[in-house]
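Chains A and B are the protein sequences, given in the same order. One point on numbering: in the working numbering, the residue at position 95 of the first sequence is 296, and numbering is uninterrupted. One point on numbering: in the working numbering, the residue at position 79 of the second sequence is 175, and numbering is uninterrupted.
If you are wondering where the hints come from, they were derived from the structure by calculation, not from laboratory data. Virtual Cβ for every residue (Gly too), placed ideally from N, Cα, C. Careful: at least some of the hints might be erroneous.
What the hints assert, rightly or not - Covered stretches of chain B (in silico footprint by chain A; criterion: 3 or more residues with CB under 8 Å from a CB of chain A, positions within the stretch not fixed):
1) 128-137
2) 167-181
Said to hold, decoys possible - Simulated DEER-style distance windows between Cβ atoms:
3) B:Arg162 <-> A:Glu392: 17 to 27 Å
4) B:Arg167 <-> A:Glu501: 27 to 37 Å
5) B:Pro158 <-> A:Ser450: 47 to 57 Å
6) B:Ser103 <-> A:Glu440: 53 to 63 Å
7) A:Glu247 <-> B:Thr139: 31 to 41 Å
8) B:Tyr181 <-> A:Gly600: 56 to 66 Å
9) B:Asn154 <-> A:Ser450: 33 to 43 Å
10) B:Tyr136 <-> A:Asp505: 16 to 26 Å
11) B:Glu138 <-> A:Tyr253: 34 to 44 Å
12) A:Asp599 <-> B:Pro158: 51 to 61 Å
13) B:Arg162 <-> A:Asp599: 48 to 58 Å
14) B:Ser188 <-> A:Glu214: 42 to 52 Å
Claimed, not checked - Which residues of chain B face chain A? A few of them, derived with a C-beta cut under 7 Å, are:
15) Arg115
16) Val116
17) Asp117
18) Val143
19) Val155
20) Pro185
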Amino acid sequence: MSENIYITEERIEGADDGPLSGTTVAVKDNISTEGVRTTCGSKMLEEYVPPYDATVVSRLKEAGATIVGKANMDEFGMGTTNETSHFGSVDNPAAPGRVPGGSSGGSAAAVAAGEADVALGSDTGGSVRCPAAFCGVVGIKPTYGLVSRYGLVAYANSLEQIGPFGETVEDAAQLLDVIAGDDERDATTRELPLEEGETYADAATGDVDGLQIGVPTELLDGADEGVVETFWDAIAELEDRGAEYHEVSLPSVEHAVEAYYVIAMSEASSNLARFDGVRYGHSADAEGNWNETFARTREEGFGDEVKRRILLGTYALSAGYHDKYYKKAQDARAWVKRDFDEALSDADVLASPTMPVPPFELGESLDDPLQMYLADANTVPVNLADLPAISVPAGETDGLPVGLQLVGPAFGERRLIRAASALA
Amino acid sequence: MSDDAVSPEEVRHVAGLARVDLDDDEVDRFARQFADILEYFETLDEVPEVDREAALTNVMRPDEERDSLDREAALENASETEDGYFKGPNVS
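Can you make the complete structure from the sequences, with help from the hints?
Structure, rendered in structure tokens:
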């Protein structure tokens, strides 16, 4: 396939009948599939074949879905453009020559190219919403605790959630219905917050009459002009259908990006300590004791961005720096949560552009990690606040897709699905 | 940006703590990038102390024996095994 969407193409058939029978699904390659290699886009796990299924994969199979491939991704979920994959970058089917967005770029591209009906990604700081916006499809980042992370190869546990992609909001919601719900294998999951007989898919009514939309001004400042124009056109369309908007202020989001990266890198430095080459994964053919062999294995197995985050995370947690970085980042996280709670006390949803820029050209921004981190400004606050969000196509600027992000209160997915379904 | 915010020696020290070998080029590149990134992280100094009111709930289940991976499956991705155990390099 010219777009390099899949790392492994393999058909995994589900049960004979179920709500997803006849539906093809692409699964991000950091979600474990029994008997089918799961690489996390890394040389470290190039040959790794999990002996068990992630809970979401078991649920796909029970629902009758056919998994058609393991989708390309930024290495261990670390990147905004899908260019840190050991298996090469993905071309954006909606904007050829451009990146599909990271880190679930392959999953979004699979849906955009029609290579799968729906797809699963994971979102630690925007990794479902960013590629959804760049590829012109729908992506949902569920409330923390709605979807089991059992079998998701961990990057930053306190932030990440598995989330669905679809061409329409209803398609994505239908996939959410299959994967959501508590799991005794993941103690952070909660029981489904739905009333008897309710589903996520049946909330996709497109009815936004009376919907109160808060627009955080901070998330428009500094965004690309064409993106902002497209965003306001989409808000005008919602107004035509009976919604109202007002501006709100979220002063804490100014510090969300640095707090996010300190927390994510700190968790990554701890989570990725498991890759020692002894139990699974790449193993260096090196002389020496445990520490020397271990360090060589990790030098060979990890790419640049992964090493950068492990090292910065180790630094942020090391003696003398913990209070300066990690503790302050936790303060910022609490502040972001409080700001969102206040803003959502007089708005049903908050709306912003998903990404402040249109898709980058392939290779455009790889050499400056800090610039890359800043592109996540609109998505990371949601992960810090544990809230649900959706990215829905808002239109185009110069022929490039623009996504609109809606953020709701914890476990308010039905509200987001209803609002977003007015647009796609 | 201050040029000497992170020295190559500090990068090597942290890489040692994280057990990641780096070649000289990587050390120099990371030292330059870390200066920028850490300077940016320092703006967290402006964040006020915020009360954290996390609503925590214990999630317990009965401590009962249940199925787990069998030994063969657990070992099948290991590069070296011996007598049903993982085999690693010498510890010292």
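Going down the list of hints, with the structure as the test:
Requiring three or more residues with a Cβ within less than 8 Å of a Cβ of chain A, the coverage given for the segment 128-137 of chain B holds, as 7 such residues are present. Only residues whose beta carbon comes within less than 8 Å of a beta carbon in chain A count, and the segment 167-181 of chain B has 7; three or more means the coverage holds. The hinted window of 17 to 27 Å between B:Arg162 and A:Glu392 holds, with their beta carbons roughly 21 Å apart. Between B:Arg167 and A:Glu501 the C-beta distance comes to about 28 Å, which sits within the given range of 27 to 37 Å.
Evaluation of the 47 to 57 Å hint for B:Pro158 and A:Ser450 yields a pass: the beta carbon distance comes to about 48 Å. For the pair B:Ser103 and A:Glu440, the beta carbons lie near 55 Å from each other, so the given range of 53 to 63 Å is met. Taking 31 to 41 Å as the suggested C-beta distance range, the pair A:Glu247 and B:Thr139 conforms, at roughly 38 Å. Judged by the Cβ atoms, the range 56 to 66 Å given for B:Tyr181 and A:Gly600 holds: they are separated by roughly 58 Å.
The given range of 33 to 43 Å is respected by B:Asn154 and A:Ser450, whose C-beta atoms sit roughly 37 Å from each other. About 18 Å separates the C-beta atoms of B:Tyr136 and A:Asp505, a value consistent with the hinted range of 16 to 26 Å. One distance hint, 34 to 44 Å for the beta-carbon pair B:Glu138 and A:Tyr253, holds here, with the actual separation near 43 Å. Remark: the range hint 51 to 61 Å for A:Asp599 to B:Pro158 is upheld by a beta-carbon distance near 59 Å.
About 56 Å separates the C-beta atoms of B:Arg162 and A:Asp599, a value consistent with the hinted range of 48 to 58 Å. Separation of B:Ser188 from A:Glu214 is about 50 Å and conforms to the stated range, judged on CB atoms against 42 to 52 Å. With a least beta-carbon distance of about 5 Å to chain A, the hint placing B:Arg115 at the interface is held under the 7 Å criterion. Of the supplied interface hints, the one on B:Val116 holds, with its beta-carbon coming within about 5 Å of a beta-carbon of chain A, less than 7 Å.
Checking B:Asp117 against chain A: minimum C-beta separation of about 4 Å stays under 7 Å; hint holds. Look at B:Val143: its Cβ gets to within about 5 Å of chain A, closer than 7 Å, so that hint holds up. Among the interface hints, the one on B:Val155 holds; its C-beta lies about 4 Å from the nearest C-beta in chain A, closer than the 7 Å criterion. Given the 7 Å rule on beta carbons, the hint for B:Pro185 holds: about 4 Å separates it from the nearest Cβ of chain A.
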